[in-house]
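According to numbering that gives the first Met the number 0, the sequence shown is numbered sequentially starting from 0.
Some clues are possibly wrong.
[Unchecked claim] Only pairs whose alpha carbons sit at most 25 Å apart, straight line, appear in this in silico DSS-like list of lysine-lysine: (1) Lys167 to Lys177; (2) Lys177 to Lys157; (3) Lys125 to Lys179; (4) Lys139 to Lys167; (5) Lys179 to Lys167; (6) Lys179 to Lys157.
In case anyone wonders, no lab produced these hints; they're calculated from the structure.
This one's a predicted model, so the numbers in the text were calculated from it and none came from an experiment.
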Amino acid sequence: MQQHQHALAIDNGLGRLELVGILNQRYYEIVVQAGKKAELVGSAIGYLQQVGLLNDETLRPVAQKNPELDIWPPLDGMQRSGELNEATSQAFLWTGPAELHVLTHRLDQMIAHGVYLISQDVEKGKTALLLGLELKKELKEFYERPAEEQRENLSVFKDSFLHQLHSKDDEMAIHREKWKIIVANIAIALTGVGLIALGIHYALNRQCFFALTKREQLIEHIEKTEWLSPACSVLSRQRP
């Protein structure tokens, strides 16, 4: 009955996916389940595909949140201005080697948060979206360098990445509770690729925190001590 009631919206939503050539069983079910918002959801998925920003993470806010506002005008504007282009799409779709998958996944979550925000707060959404893309682009470029060059420039890259990661903290203060978790998760994921593992081990043991840690406690600890900020003395102590 509900599907019949919203048949036009569903048909329009599915039609949008057919138009961009990505209609499959998964997207079909998402659009149908959206009911009266089916056209909006189908269009949003199509828009993300069109600007090269569609994956499981960016799909999630569209499928689960069903944003009330159209995400296309800001995304279209970013594409026309060159902020979204082939290079950003390639960086977004890049997952890197296995040891980077957690980190790239966390960066995708920042980008997806930007997609969600852009339907409510365009400027803050763009900020989150573009920062996530820039960080992922920098990571991709670094790991595509020769291995010897990576080793020689690891410290510089680490500092630059952390500085960039925290560069929008003040601007995103209005969404601070969610933002600090996203940023902390990215910082924690860096330990998985060995970039700051020694610094974190030192900081956690120094605070008698290592044996107690749960993810929520660690995130809170990061927020309070700010030992993952670029200016942190803990990091500077690890430099040769």
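Problem - Violated hints, by number in ascending order, as checked against the structure - result: none
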